[in-house]
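Peer 1: Sequence:
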Amino acid sequence: VQGSHFKSLRQESAKFINSLDFEGFGIGGDLGKDKKTMKNILKWVIPLLEEKKPRHLLGIGYLEDIENIIKLGIDSFDCTVPTHYARRGIAFSSQGQIDLKKSIYLKSKEPIDKKCPCFVCQNYKKNYLCHLLRAKEITASSLLTFHNLYFFNSVVEKIREKIKKEKI
Numbered sequence: 161v162q163g164s165h166f167k168s169l170r171q172e173s174a175k176f177i178n179s180l181d182f183e184g185f186g187i188g189g190d191l192g193k194d195k196k197t198m199k200n201i202l203k204w205v206i207p208l209l210e211e212k213k214p215r216h217l218l219g220i221g222y223l224e225d226i227e228n229i230i231k232l233g234i235d236s237f238d239c240t241v242p243t244h245y246a247r248r249g250i251a252f253s254s255q256g257q258i259d260l261k262k263s264i265y266l267k268s269k270e271p272i273d274k275k276c277p278c279f280v281c282q283n284y285k286k287n288y289l290c291h292l293l294r295a296k297e298i299t300a301s302s303l304l305t306f307h308n309l310y311f312f313n314s315v316v317e318k319i320r321e322k323i324k325k326e327k328i
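Positions in the sequence shown are counted from 1; adding 160 to them yields this note's numbering.
Just to be clear, a hint being listed does not mean it is correct.
[As the list claims (entries may be wrong)] Here are the simulated PhoX-like cross-link-like pairs (lysine-lysine), alpha carbons at most 20 Å apart as the crow flies:
1. K212 <-> K274
2. K296 <-> K267
3. K212 <-> K167
4. K286 <-> K267
5. K212 <-> K196
6. K193 <-> K203
7. K203 <-> K167
8. K322 <-> K231
9. K286 <-> K275
10. K231 <-> K318
11. K203 <-> K175
12. K269 <-> K318
13. K296 <-> K262
14. K285 <-> K275
15. K285 <-> K269
16. K269 <-> K286
17. K212 <-> K231
18. K193 <-> K212
19. K231 <-> K325
20. K261 <-> K285
Derived from the structure by calculation, the hints contain no laboratory data.
Generate the whole structure from the sequences, applying the supplied hints.
Peer 2: So this is what it looks like as structure tokens:
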């Protein structure tokens, strides 16, 4: 479903795509410059798409958006945020984002997130990850990508549990 931030084009596209024999729907294109515009776009098109078929939102992924788009009727999404941020040395944690390139982490013998059971948090400390990033070792990006993807999956799992308990 395309149409930029134009309601009439989005709705025309949604109606047309819904009339075709697809197994699901992809909502993409320009979703606006802010969260309010994206929310409006989704409210325009989701009611026009058959509810029994999956609705995939292309190119989304900020943590704060995930629960909101699911509440609006999105079934799946893709994003580059976990890998893109990992390449820049940013890790997601229960305490927020951590820039592991900063020198303050050269002496930290703590994991990225004490609450995280992922392989990276169980086996590597911030000081080693900081060293790898500063040495431009490709291993750093791989480890941070693994952790960030695990973290995002954990967030989605918590949302899934809320759905099962009918809290969403």
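Peer 1: Against the earlier hints, flag every one the structure doesn't satisfy and list their numbers going up.
Peer 2: The structure breaks hints 1, 3, 5, 12, 18; every other hint is satisfied.
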